[in-house]
Each structure stands twice: as C-alpha cells, then as structure tokens.
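Asks: Using the hints, position chain B with the ligands against chain A.
Now for the letters of each chain:
2 protein chains.
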Amino acid sequence: MWRVYCFPLCPFSRKIRLLMSEKGIGYEIWRTDPWDAGEEFWDMNPAGRTPVVRDAVKDITLADSRAIAEYFEETVDKAPMINGTAKNRAEIRRLVALFDENFYHDVTMPLLHERMKKRLILRQPPDSRMLRDAMKMAHGHLDYIDYLVDTRPWLGGPQMSLADLAAAAQISVADYLGGIDWRDHAEAHSWYTTVKSRPSFGPLLSERMEVIQPPRHYALLDE
Amino acid sequence: MWRVYCFPLCPFSRKIRLLMSEKGIGYEIWRTDPWDAGEEFWDMNPAGRTPVVRDAVKDITLADSRAIAEYFEETVDKAPMINGTAKNRAEIRRLVALFDENFYHDVTMPLLHERMKKRLILRQPPDSRMLRDAMKMAHGHLDYIDYLVDTRPWLGGPQMSLADLAAAAQISVADYLGGIDWRDHAEAHSWYTTVKSRPSFGPLLSERMEVIQPPRHYALLDE
Ligand SMILES: N[C@@H](CCC(=O)N[C@@H](CS)C(=O)NCC(=O)O)C(=O)O
Ligand SMILES: N[C@@H](CCC(=O)N[C@@H](CS)C(=O)NCC(=O)O)C(=O)O
Numbered sequence: 134m135w136r137v138y139c140f141p142l143c144p145f146s147r148k149i150r151l152l153m154s155e156k157g158i159g160y161e162i163w164r165t166d167p168w169d170a171g172e173e174f175w176d177m178n179p180a181g182r183t184p185v186v187r188d189a190v191k192d193i194t195l196a197d198s199r200a201i202a203e204y205f206e207e208t209v210d211k212a213p214m215i216n217g218t219a220k221n222r223a224e225i226r227r228l229v230a231l232f233d234e235n236f237y238h239d240v241t242m243p244l245l246h247e248r249m250k251k252r253l254i255l256r257q258p259p260d261s262r263m264l265r266d267a268m269k270m271a272h273g274h275l276d277y278i279d280y281l282v283d284t285r286p287w288l289g290g291p292q293m294s295l296a297d298l299a300a301a302a303q304i305s306v307a308d309y310l311g312g313i314d315w316r317d318h319a320e321a322h323s324w325y326t327t328v329k330s331r332p333s334f335g336p337l338l339s340e341r342m343e344v345i346q347p348p349r350h351y352a353l354l355d356e
Numbered sequence: 134m135w136r137v138y139c140f141p142l143c144p145f146s147r148k149i150r151l152l153m154s155e156k157g158i159g160y161e162i163w164r165t166d167p168w169d170a171g172e173e174f175w176d177m178n179p180a181g182r183t184p185v186v187r188d189a190v191k192d193i194t195l196a197d198s199r200a201i202a203e204y205f206e207e208t209v210d211k212a213p214m215i216n217g218t219a220k221n222r223a224e225i226r227r228l229v230a231l232f233d234e235n236f237y238h239d240v241t242m243p244l245l246h247e248r249m250k251k252r253l254i255l256r257q258p259p260d261s262r263m264l265r266d267a268m269k270m271a272h273g274h275l276d277y278i279d280y281l282v283d284t285r286p287w288l289g290g291p292q293m294s295l296a297d298l299a300a301a302a303q304i305s306v307a308d309y310l311g312g313i314d315w316r317d318h319a320e321a322h323s324w325y326t327t328v329k330s331r332p333s334f335g336p337l338l339s340e341r342m343e344v345i346q347p348p349r350h351y352a353l354l355d356e
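Protein sequence lines, in the order shown, are assigned to chains A and B.
Residue numbering for the first sequence is 134 to 356, as defined by this note's numbering.
Residue numbering for the second sequence is 134 to 356, as defined by this note's numbering.
Next up, chain A with everything else stripped away, as it sits in the complex (with noise of 0.2 Å):
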C-alpha cells in the first residue's frame, strides 16, 4: 500500500491524495511537517517538501506531485486525469501549473504563513495586510475559473482532469484558512461545489489541522 508522507493543509497533497482516490489507489497517510521533518525525510525528497509517496514493498519513492500525478496517470488507467489531444493535455498541464504556481504563490502560501505558520511556529499574530492581499488576490484567481467554466463544463475541456483536482486543492485549503469570498464568483462556486461534492473530496473535508478552525461553510455541500 501507497504511504503518502504529508500534512492535513498541503494542497500538493491534497491533489495527490483525490488523484489516488478518484484513480481507486489505496494510500495510507504518514504525517510529516515539512518544517519539522527528519533525516528519513529530506533522504526521500532533497527539496524537504511534501508530498512524497512511497510503496515500500516495490520499493519506490516519489517527489514533487507532478511527477507523482504523471506516474499515476501513466500506471494506472482508471479515471485518466491528463486526457485527450497532446493539445488537450498541454492545456491541462498549463493549469496545473498555474494554480501550484500562482495561486500557490499568491493565496495559499501567504495564508498558510500567515495563519498556520504563524501560530503553531513562530507564535505571532497574523499581518491583516498580507491577509487582505491574499483575497484580493484570490479574486483575481477565481474570476479566471469563472471565465473558465463559462466556456467549458470542466476548467480543462470536456472532462474532469488533474487541473480541477489541482485547483480545488488550492481552493478547498485557502477557504479552510478563511480567503475565500464566494461573493460574485457564482460559476466558480458551483463549480467548486460540484468537486467538492465527490467521495473523493469527504476524506480532505474531515480533518482538521489541530487547534486552527476552519470557518462553518468549509465542510458543507451545499455553501
């Protein structure tokens, strides 16, 4: 069995973590904080980061969740996630890599430092300007998913793809952390309703990561 190496928050994690269940992929999760992590860790990925999978028995050991996400994509044939033309795929590929980048860069990881790092690390109260940033930044982002979803059912063409599981990862994380105002997003929100509303998704929606609470609507299908 997979053993995925990860926190509660991580949104690669999470990508990977509905990838493997869509895909049917039995996994076991191994809590590893990246800024705590040991030797055996940093041994598995030389980034230090999460996530990393690993099935010991075949012995293999996976970093970086693009890389993961292809291996199961090219290993698994259920539920194909990166599908269609090279064309097609390409676009898929683009999204990804603009929400694990951008959206990363612009929302999740300043709320995650703001909101996590801070208070289980660091012990300091969160900056309300960098808070203020984040979702304003997050509009930004999910103006784009509207203009999407306006022109495609799914935000990579006909189908469900590793882009959707990448964004909501993102999403779902951000919205735990409080920056996410679903207010003028209606597209984007039903949209995120429809991911979050998968079996895949109830695993992610249940844990909580220790003393931060996520707000009332974070877990609930219908908001």
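Just so you know, the hints here were simulated from the structure itself, not pulled from any lab data.
Note that the Cβ used here is the ideal one computed from N, Cα and C, for glycine as well.
Each hint should be verified, as a subset may be incorrect.
What the hints assert, rightly or not - Computed from the model, here is a short list of chain A residues facing chain B with C-beta under 8 Å:
#1 LEU195
#2 ALA196
#3 GLU203
Claimed, not checked - Distance windows between CB atoms, simulated:
#4 B:PRO286 to A:SER339: 19 to 29 Å
#5 A:THR327 to B:LYS211: 38 to 48 Å
#6 A:MET263 to B:ASP169: 21 to 31 Å
As the list claims (entries may be wrong) - Derived lysine-lysine pairs resembling DSS-like cross-links, with alpha carbons at most 27 Å apart:
#7 B:LYS220 to A:LYS191
#8 B:LYS191 to A:LYS220
#9 A:LYS156 to A:LYS191
#10 A:LYS156 to A:LYS251
#11 A:LYS220 to B:LYS220
Replies: Structure of chain B with the ligands alone, referenced to chain A:
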C-alpha cells in the same frame, strides 16, 4: 515554424530551446520581457510568464515550460528526453522540478533580481549579501549534482534527459550572472562541460542580455 516568446536570461525558456534543438524542432525567438509585456502576451499566458511557444499556422499556443516539454515529448519522437520506465520518468520529472523550483528560487531568481532587474529596471545597485547567499545556495545544489553524476552517467539516469537540460539551463543563467564557482565541484563541472558542448547549447552561449556582461569563462567550452 514555432515562435518562442522569451528573453535571453530566462532559464525556463533556455530549457525549452535546448529541448527543441535536441529534437530538431525549428523555432524563431520573439523577444519578450515579462515585466514589460503587452496585452497580447497576457492573452496567450494569463500567468504572464515566459516561455510561451506558438505555432501560428497550426494555431497552437503553449505555456508553462513543463507543459511545453511534455507536449514536444508526446509529439516528436526524436531524442526522447523523458524516457524509460514509469519510475525512471518520475525520477526525471522530480529532478526537473528540483531545478525549476528549488535551484531557481535559491539561486537563479535572486541573481536575476540583483544583477538584471536592479540594473535594467529598478536602477539600484545589487545587494552584496543577497549575492553571497545565492552563491552559497548554488554550492549546495552543485554538491547534489556532484553526488548524482557520481552514481549515474547523467543526472536522471543512464541517458541524457530533460533533467540535464533543466539543470544546465538554470546553471547557465546563474553562471552568466557570476553566481557559479566551480571550485570543489569537479564532477558537476565535467558534467556541465559535456552538456554545454552540445550544438544545442551554442546559440544560448553566444547571446547577450543588453548591458550585462558574463564572466570570461561563461562561453568557453574548455572551462
Ligand atoms: N513542487 C512541489 C511543491 C511542494 C511544496 O511546496 N510543498 C510545501 C508544503 S504545502 C512544502 O513542503 N514546503 C516546504 C519548503 O518548501 O521548504 C510539489 O508540487 O510537490
Ligand atoms: N513554471 C513556469 C515558470 C516561468 C517563469 O517563472 N518565468 C519567469 C522568467 S524566468 C517569469 O516570466 N517571471 C515573471 C513573473 O513571474 O511574473 C515555467 O516553467 O514556464
């Protein structure tokens, strides 16, 4: 013919240009500075980043260097650069991410900021502490390359792969900006000299970024 939107010191564009040359895919350069790009560029890539590649005849526009690399890998058989078993391929992609993200963040990005953006845009002198820190981080990454080429013929395994192109692209920009000190890195240096000597590397080494001059050894193939 493909057009590559980029500027001479963009490491991600260098990776793609190396890949295209190795595969024998013709292209022209369309100079684009992301910090000064117009609406047309942002329409092609809402992330506002280089590289973007476009084939106007086929009306295909691709963004994000890893998405672009996978596209050419899927559509052009010559010189496969993400090769081998699924496990080998995951290892290549892990290393590409390590150089694209960690090396770039630790070394190339601060060097570009201090030595290029401050000179060309901000009109400020570089911060020597930032430069020292970037060079120190470069040593750590070169240590890891020493270790890799000590255990395998190429960074990603038995054959030259996208991992070599990604690493050499980052290193070449850092080297241009005076951030690479090869002392104590004989293995990494000998690997880099091999990659740098390939015909695909020639055009990169002869380009200059306006007023910024590389150190004397930068374009020499025996140093
Ligand atoms: N490109 C990596 C990014 C992973 C990442 O940044 N993970 C964060 C946690 S959400 C981390 O481990 N950060 C610690 C660090 O960068 O030192 C991936 O897609 O897996
Ligand atoms: N993930 C992207 C990263 C590209 C990137 O960061 N490009 C830099 C130039 S070297 C850029 O355009 N930066 C401008 C920005 O991020 O606003 C890729 O692999 O193509």
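Asks: List, from low to high, the hint numbers that the structure doesn't satisfy.
Replies: 4, 10
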